[in-house]
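Enquirer: Here's the letter readout for the chains.
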Amino acid sequence: MSHRLAHTEPTDLEAFAQSARDFLDASADRLEDETEVEWGAGEDRISYFGDETPEDATRLVDAARAWQKTRYAAGFGWITGPEKFGGRGLSAIHDLIYDSIEAEYDVPDTGVLSLIGLGMIGPTIVAHGSDKAKAEYLPGMYAGDLIACQLFSEPNAGSDLANVSTRAVRDGNGWRVNGQKVWTSVAQHAQVGLALCRTNPDVPKHRGITALLIDMNASGVEVRPLRQMSGGAEFNEVFLTDVWVYDSYRLGEVDGGWSVALTTLMNERASVGSEGAGPAARAISTPFLAALMGENGCLDDSHARRRLAELQADQLATSYLNRQALDHLISGGQPGPEASVSKLLYSQNITRAAHFAAEVVGPRIVADTGAWGAFSWNELLLSTPALRILGGTEDIMKNILGERVLGLPKEPGGDAATPYRELRTSRSGS
Amino acid sequence: MSHRLAHTEPTDLEAFAQSARDFLDASADRLEDETEVEWGAGEDRISYFGDETPEDATRLVDAARAWQKTRYAAGFGWITGPEKFGGRGLSAIHDLIYDSIEAEYDVPDTGVLSLIGLGMIGPTIVAHGSDKAKAEYLPGMYAGDLIACQLFSEPNAGSDLANVSTRAVRDGNGWRVNGQKVWTSVAQHAQVGLALCRTNPDVPKHRGITALLIDMNASGVEVRPLRQMSGGAEFNEVFLTDVWVYDSYRLGEVDGGWSVALTTLMNERASVGSEGAGPAARAISTPFLAALMGENGCLDDSHARRRLAELQADQLATSYLNRQALDHLISGGQPGPEASVSKLLYSQNITRAAHFAAEVVGPRIVADTGAWGAFSWNELLLSTPALRILGGTEDIMKNILGERVLGLPKEPGGDAATPYRELRTSRSGS
Amino acid sequence: MTGTTVPEREDLRRSVRDLLDRFGDDVARQDAIGSESGHSTRLWSALAEVGALSLTVPEAAGGAGYGAVEQRVVLEELGRTLAPTPFLGTVVQAATALVASGDPAAHPHLERIASGATLAALAVTEGDGRWRTAHFSTRAELDGGTWRLTGAKDLVVDGAVADLLVVAAATESGPSLFLVTSSEAVERKELRTLDLTRRIASVAFDGTPAELLGSPGDAPAVLDRVLDATMVALAAEQVGAARACLDASVAYAKDRVQFGRQIGSFQAVKHRCADMFAKVQLASAAAQEAAHSADREPDRAPADVAAAVAHSVCSEAAMFTATENIHVHGGIGFTWEHPAHLYFRRAKSSQMLLGGPAANAERLLARLGV
Amino acid sequence: MTGTTVPEREDLRRSVRDLLDRFGDDVARQDAIGSESGHSTRLWSALAEVGALSLTVPEAAGGAGYGAVEQRVVLEELGRTLAPTPFLGTVVQAATALVASGDPAAHPHLERIASGATLAALAVTEGDGRWRTAHFSTRAELDGGTWRLTGAKDLVVDGAVADLLVVAAATESGPSLFLVTSSEAVERKELRTLDLTRRIASVAFDGTPAELLGSPGDAPAVLDRVLDATMVALAAEQVGAARACLDASVAYAKDRVQFGRQIGSFQAVKHRCADMFAKVQLASAAAQEAAHSADREPDRAPADVAAAVAHSVCSEAAMFTATENIHVHGGIGFTWEHPAHLYFRRAKSSQMLLGGPAANAERLLARLGV
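Chains as they are written, first to last, in the UniProt record's numbering: chain A, 1 to 430; chain B, 1 to 430; chain C, 1 to 370; chain D, 1 to 370.
Think of the hints as simulated: they come from the structure by calculation, not from any bench. Check before you lean on any hint, since a few could be wrong.
[Said to hold, decoys possible] Within a straight-line C-alpha distance of at most 25 angstroms, the following computed DSS-like cross-link-like pairs (lysine-lysine) qualify:
(1) A:Lys410 - D:Lys254
(2) A:Lys84 - A:Lys134
(3) B:Lys84 - B:Lys132
(4) C:Lys254 - B:Lys410
(5) C:Lys254 - A:Lys410
(6) B:Lys134 - B:Lys69
(7) D:Lys254 - B:Lys410
(8) A:Lys410 - B:Lys410
Put together the whole structure using the sequences plus the hints.
Expert: Written as structure tokens, this is what we have:
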């Protein structure tokens, strides 16, 4: 899809777009439009989360690294980064343009590097890191050598992220860190992690947190895979036991980690809306679902047709929303609340699609009889509860929309002014 | 429907049931089972709220009074009432048995007397009234001469009922009352109203309310009909201007009106579950909706069929729930949370049915082309928003279920301890 | 092609909004609802004056020659206030049919529509009220050089006030469109409506003299364009109405205090408003896409798909926000005096006018090739 | 007729619950899931000992001669804990078929089922997995006085562990039921299942020797009874599971603190729990009605209608509460280790096992005469 580039120095951007096309033409094949579904051909796996064997996972990570290396070398690996640290020094608009052009090509999925590391941790290091930290990590990350993860959530700090209890205490010219992190994706592949640590328990929770870059190979760091209900282990628990970190790997001020975290989260929210239908896009597309209905003898059933139509109307409208938000950014607009809305809609659409497909499949969803494209819907179905929780639960997203976008009043009796040490915690502790 | 009468002195109850049947056989016709729908026959009005002409309304009130007089004379007008005031002195089980037997007969609808007056205000007078008030009002009410209404809600006291601002101040051997009540059904027909009044603004809101019986014909009482969105005026506003009331018409203690109100509300909640599908029962029954589908050519449409089936499954299950709750009471059990659940389900079922019917009707729901059973669905459709609000909003019912039934904690920062005078109010005042 | 810039459209919005603030408040709306014609002729003249009626009329017929993108601005504002006007019947349905017919004889009519001098309506549906493009039982026959119409049309939007009727009828050469300008042998009946802010009539013809519009057999193609234009127009209106409901709920939730708190601080109310907001955002995206693709902008969704998507999503958003707005308002929200029910009525009416969700689902699937 | 009083049934519930507390906790469940047979044989023996397996077996066959009302107690408890057992295949499906066949030759099998000595399963569905009572492609033919079965059955609940298979097959006299007790020419394959706490197998026959159960052509009538018994049983199980999810959510909402408050004090969580409670109450009423009407109690709903109503309402309640329970628990709720997903899996599986909502909607309408 090409974009109208009005309002923003068309010539420069057009030249940039052309250079991106030249690079991609030389380095990758164009994707072909999939309008025909060949039922029964190929693998019928329909997944949201990865569930690869360790060997396959390594292969995919290697491919991601290699493609990042290639585009970095060509000047498209870190378009918005400062030139001093290996970036191209161009605008976010250039970045969006490159992404929309790259989406037309068949290139390796670089999510393992880009979703967390390059998309969220990188910009946070740029904004808050010491020169030493920047120089040490940024070029390696964007050259595809280093993978970064986000050590934020804890068992008692989920929706209430500022409630982190992982302790960092001063120790010489660094910090000694103890605690447990959870829901850490890509930790098993990562060389570096950004951790939120409690450094002052005597002030309110938002004001006693410090952000530290942790070497994931350091002594005391233990990564344990956390298996999710759909079967795979997309996430990890990370145990930090007397992990020692130089102070120069601190981001932001001591006790000023909350604003560092906000930088990271801001970049997360901005990325969510653009993901489209994600890994399950093909499976919940009109042609695939229509083929599924045909295969199961209900292509003429008015109930199934009605549900397909309603689902596709909502999915298409969501895609219009996302595309318009991107157009808006490309033409120089500020990001709006579309990302939060898009996240809510996205999880609703996929959930409806998965239940719809299960119903079309009928009883063969219950056990694997070997029929192609039947039992395979389970993996997506079993991922749907997570979509309402990950990256901010539905409840939290609605609070954000209600309070920050619509200006509705907060709940009374918040704990933002209570010293962390005096806060109430869950009885069972997890 | 006959009830199994195990566990509670079968002989006495059976004799009572037989006497009720004898009375009803002599005084009324049996209802015939309506299983066949004759499409296009008779009136096609499908309403939840009444919307009669004043003449029709008077005729219906007269018929209700006459029937109440008849059954009172026969000893079935106030089965649970104290004999001293004209009641029969029997148990609530006898009452339930009589109701379930009367439901088999074609008798005038006595809702205008019984829903509020006999069902809620009467028991409150019995529990909290002076002997003078009891003697003056109770026999008249149960003999069908007096209609009673409930003067509780106000513009700023809806969900937050204890927030009433209608003032009653001591004046000689009585009270002078000023204020405005709203959502008062049957006020236009009523001779007496039970009002909650603010008598002490210097204590928390629940502790400064007094309950007074107001003569609706007294000087200073003005009843204005309040038209609801479906067109009729089921409710009223009642303006009280310097209305004077003898202290002997006070119910309960001075400043003790909240517990009086709780007695009234308890009787409301108990009555809700038993109402079945209410006035729209026939219209949302399987035969009627199936006839509607047939008439509109979608009896074989799988989408319409699926929606009909889901609706009927939920409606039938709701009727099982109500019937089982009644059985439970008849066999001596305590009322459970079924009434609140039943109210939620009831409003959901009717709302779904009305929207379903509108869709089956198609574009003829938009304007009255004269087709029988088409445009007429609008009145029910336009009543559905009220069902989620009246008698406790959905939100309040869910708070009750969450807090009182499931034991979940209340919201922090309530105002139950703040003196009424210091409470925050809405800026616009309504 | 979009003929206007975003700032130009915002200017248009402001001028329409100013008008509606003056002529379309609650009192004016009640007056219009109760009036003989069902709308304020002063508002209609004022809309003509700011050019709101001529946006999509071709330049050749004295209009601005713009498209759905510009008209959307007007419709959002009309939807926001529910100011009763004959815009849908006259400017959307009848004028689109006149333009789509390609008949130069339609130009004088379009000019008069653009200037506000003529009100018009499109008479298509019959007995069951369902949109159709063929198989009309209303017939036209040539009688000594004059076409004469016989038959009955139900659900004619703005049919009672229309000076000009565009009528679909069967002929020997297939379904065709006719213009009726006289009142000879025309029987009109204003119907009771669900939506109190939009008038609908039935119209019966009994040998009524009529002029052929375009060529015989043209009706299906023209009516297909009218259908899509109506869906795109309703979508814009629905977004305006849905946003009005959201705004009203948010304002009330900030103002209303119960239990010592603004009710908007309760999660039940806050999340209800957030859900309304999400629906409005989605609907707005769909309506925007439908308008821009109707105007054949590049890099947009296929116009026919976008129109059906918008009709589905915007109907749902309007219905949802209208329902929840009443709920947020509690008791006051379901009184006759409060405007909340007018949005509920409009939402249900617009959702059902073109056949309802079932018909639109099949329309969308057909357009997606399923 | 109900053969027991409420206190007697509460005694039964207590004894089953005690057993499950001992043999059916999280660890035991994990062991069972990972085991060869998919269940704990010790638990099965213990269930037999307290009489839980013989409730609906006729007295003539050594059972208690009770009905669905009593079995509902056991099934609610099994649903509550999701203790993996072959109860559905053996006691509900196979035993109901044996009883309904009216064949005295079934008595020894019923006796062994009642004592826990025999596990059994019913093999009905074929290729598409849909419940059917006729048109089987599996065929039975008489071969010198011995019936021999040929064909394949998919989705046989507890099929891999069953000592006794009740098989539906076509014969020249119509669809009939057969008993297979040998493993000669039987190929069984344990299938990967959505529901990890219930085993399902495919079974193939290739000239397998079998005994006729009842008379030729009896299968449709018997299978209709099995279908209703299965719906009533699943409903009871689903109520137990739904209540377990509600209880787990309420407990977690009281325990878990975020933002300095128990999360159950937030309306979003509180109202979610209230919604779950409403679903549980409705489902419980439907399951109760279905069980009592199945036992032909007077003044109850028609048994066939109540069974289909219960299957609809209880499936919905189980699915809803399982989904919302995960959501209330947040991240921990969608981990493999937490039992929440087992309820989600069971809920979807039970909802779809007999054809799913579409099939059940038509079933209900047929029973309502529509």
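Enquirer: If a hint holds in the structure, say so; if it doesn't, say that too.
Expert: Here is what the structure says about each hint:
With a C-alpha separation of about 22 angstroms, the suggested pairing of Lys410 of chain A with Lys254 of chain D holds against the 25 angstroms cut-off. Only pairs whose Cα atoms come within 25 angstroms are accepted, and Lys84 of chain A paired with Lys134 of chain A is accepted, the gap being roughly 10 angstroms. This hinted pair checks out: Lys84 of chain B and Lys132 of chain B have alpha carbons roughly 13 angstroms apart, not beyond 25 angstroms. A hinted pair counts as satisfied when its Cα atoms are at most 25 angstroms apart, and Lys254 of chain C with Lys410 of chain B qualifies at roughly 22 angstroms.
Distance check on the hinted pair: Lys254 of chain C and Lys410 of chain A sit about 11 angstroms apart at the alpha-carbon level, within 25 angstroms; holds. Taking the CA atoms of Lys134 of chain B and Lys69 of chain B, the gap is near 19 angstroms; set against the 25 angstroms cutoff, the hint holds. Simply put, Lys254 of chain D and Lys410 of chain B have alpha-carbon atoms about 11 angstroms apart, close enough for the 25 angstroms limit, and the pair holds. Among the hinted pairs, Lys410 of chain A with Lys410 of chain B is consistent with the structure: their alpha-carbon atoms are about 17 angstroms apart, no more than 25 angstroms.
The structure shown violates none of the earlier numbered hints.
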